[in-house]
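Participant: Chain order of the listed sequences is A and B. Just so you know, we're using the numbering used here here: the first sequence kicks off at 1 and counts up by one. Just so you know, we're using the numbering used here here: the second sequence kicks off at 1 and counts up by one.
Honestly, I wouldn't trust all of these hints.
Rough simulated footprint, nothing fancy, chain B against chain A, three-plus residues with beta-carbon under 8 Å [said to hold, decoys possible]:
{"id": "1", "segment": "75-81"}
{"id": "2", "segment": "103-109"}
Sample of chain A residues lacking proximity to chain B, with all beta carbon distances greater than 10 Å (derived) [claimed, not checked]:
{"id": "3", "residue": "Ser85"}
{"id": "4", "residue": "Ala112"}
{"id": "5", "residue": "Glu114"}
{"id": "6", "residue": "Leu139"}
{"id": "7", "residue": "Val155"}
{"id": "8", "residue": "Gly183"}
{"id": "9", "residue": "Asp198"}
{"id": "10", "residue": "Gly225"}
{"id": "11", "residue": "Ala317"}
{"id": "12", "residue": "Gln318"}
Since the hints were derived computationally from the structure, they do not count as laboratory data. In this text, a Cβ means the ideal position worked out from N, Cα and C, and glycines have one as well.
Chain by chain, the residues run as shown.
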Amino acid sequence: MSEPVLEGTDLRVIYADQVALDVSRVTVQPGEVLALIGPNGAGKSTLLRVLGLLERPTSGSVQFRRAPVSWAGRDLLAIRRHFASVFQESLLCDATVEDNAALGLRLRRRPADEIQTQVRVWLERLGVAHLAGRRARTLSGGEAQRVSLARAFAVRPDVLLLDEPFAALDPPTREELLTLLQGLLREEKCTTIFVTHDREEALRLGDRIAVMMDARICQIGTPRGVFGRPTSEEVARFVGVETILDGRVVGEREGLLSVQINGAKIEALGKAAVGERVLVCLRPEDIVIGQRGERSAGQSARNHLEGRVEEATRLEAQYRVQVDCGPQVVALVTKQSFEELRLAPGSPVIVTFKASAVHLIRR
Amino acid sequence: MELIWQGLKEAVRLIASGDPEVLRITRLSLQISGGATLLSLLAGIPAGVVIALTRFPGRGLLIALVNTGMGLPPVVVGLFVSIFLWRSGPLGLLELLYTPTAIVIAQFVIAAPIVIGLTIAAMQQLNPRLRLQLLALGASRWQLLWLLMREARLPLLAAVMAGFGGVISEVGASMMVGGNLLGQTRVLTTATVLETGKGNFDVAIALSLILLLLVFGVNYLLTWIQQRGRAS
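All chains, full assembly: derive it from the sequences and hints.
Facilitator: Structure follows, in structure tokens:
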């Protein structure tokens, strides 16, 4: 790993006896997008503000390019000018779109021709060049957020800080901007810290994901690692594992574990000793539901449990189906299969999942 | 009714003919109240900005005092400024009592709390997260203050209007510390009081009309700027 751009050590922020942030170490690597996810009040925005040098921590230190940040005067301003931020609210000034996009560059006293060029380029790339002469307060939410992004990108920041930039937008606008930002970040390779409570946004933008809860970073790693191998029940629930069952390892053969759960026995890939208690995690998209007697869901699928449908809920493009097969299991079923299988509460079904889809958390 | 009609006709004639006495009083009024307003802006806007944007012990009390000051009775101001400037008073040596400077001081004391109070309100109506956004974009402390004031420019104009409106039409303090001396400290309001007392309603009406026009003119100008800023 190369030298981190930003590094936080023993960061603590305390507001009136309440610990808002308690992070022993976090680094941001050059060119990466670090997504901070977690429930509201977990400390994500606080960590962003501290790493963005917008809030001095109660204790601990931040290093920018290996140099510790002194929290005073000119030095702080000089480092802060390597950064740019976009928040949930677009927070534009009462001026034209053009003037707003130019603000960061004007604050840095860049020459007028450079400002003009950069502003034109970035308004164009964010798709709002045609609004250049408009007053900021006449813009729609999506347009305003595009201008806010242009304003941040125009200063060519070494670190881009994004604090839930899409949280206040309607779904189609959010989708549009998310795709646009994904492209920009890929092209610019701009080091980014991205705060969101939305798993999908984190998955799409993040090179690494840090899950925060109760002021701490509970887990940090690749999207695949965090979403596929959560290290605690809380993280598992937050990253969308809907089936979490108590179990005990009862046997082991060539790396394949047998786990006893509530009247059923399943096989799982993992590391745990025989006799050990574990939490069995299953993501709903890894579970296949079929009719009894049918075993077509792939030859490598190791686990088949019989049960009955308890409840089915319509989502956007899928159904969320809860099956009682001894343990309660939640699966996602496409609308098409749901109709073909004629699923309804009480339907007898068989649930199938691979041993490799099972993630075990040792207790 | 006859009295009013006659008065109005004579007043219009006085203004139209450019009566030198009326002109001189008008000019003096503008100079004194304009000067006092300007001073109160120079001191009051920075003070209001600092009070609005910083946190310090006693801030709540200070804001309460400023808000009280916004309704300070001019005669009370006149009384205390008189005492300070009185020959045997703390600033008696300056010999300022019954000079235009004395009126400027009194009007400054009246206008400053109005300007400070409305500046605090103007700055507090800004989105508190705007500060963080501007800092995050790389604003220095001075750039931040400038940008925030620019954002609050329309309500700040209201502070200018209210400050000027408060002092140009004030009579008690001007009378007490200025003395209403002909050609020296006689302003529109004190002259109106005097002429009304003498039964010269035509002159009094002329002076009142000018006063009304002044207040209207200044406010119209500022409102126009404000609305133009809002419309575009």
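Participant: Each hint should be assessed against the structure and marked as holding or not.
Facilitator: These are the hints, each one checked on the structure:
Counting residues of the segment 75-81 of chain A whose beta carbon lies closer than 8 Å to any beta carbon of chain B gives 3, which reaches the threshold of three, so the coverage claim holds. Counting residues of the segment 103-109 of chain A whose beta carbon lies closer than 8 Å to any beta carbon of chain B gives 4, which reaches the threshold of three, so the coverage claim holds. Non-interface status of Ser85/A relative to chain B is broken: a Cβ of that chain comes within 10 Å, the nearest being about 4 Å off. For Ala112/A, the requirement that its beta carbon stay farther than 10 Å from each beta carbon of chain B is met, with the minimum near 17 Å.
Remark: the non-interface label on Glu114/A is consistent with the geometry, its nearest Cβ contact in chain B lying 15 Å away (cut-off 10 Å). For Leu139/A, the non-interface assignment is confirmed: its Cβ lies about 14 Å from the closest Cβ of chain B, beyond the 10 Å cut-off. Not every Cβ of chain B is farther than 10 Å from the Cβ of Val155/A; the closest lies at roughly 7 Å, contradicting the non-interface assignment. Every beta carbon of chain B lies more than 10 Å from that of Gly183/A, the smallest distance being close to 23 Å; the non-interface claim holds.
Chain B leaves Asp198/A outside its interface by the beta-carbon criterion, the shortest separation being 20 Å against a cut-off of 10 Å. Non-interface call for Gly225/A relative to chain B: holds, since the shortest CB-CB distance, roughly 30 Å, exceeds 10 Å. No beta-carbon of chain B comes within 10 Å of the beta-carbon of Ala317/A; the shortest separation is about 36 Å. Against the 10 Å criterion, Gln318/A stays outside the reach of chain B, whose nearest CB is about 37 Å from its own CB.
In the structure shown, a violation is registered for the earlier hints numbered 3, 7, in ascending order.
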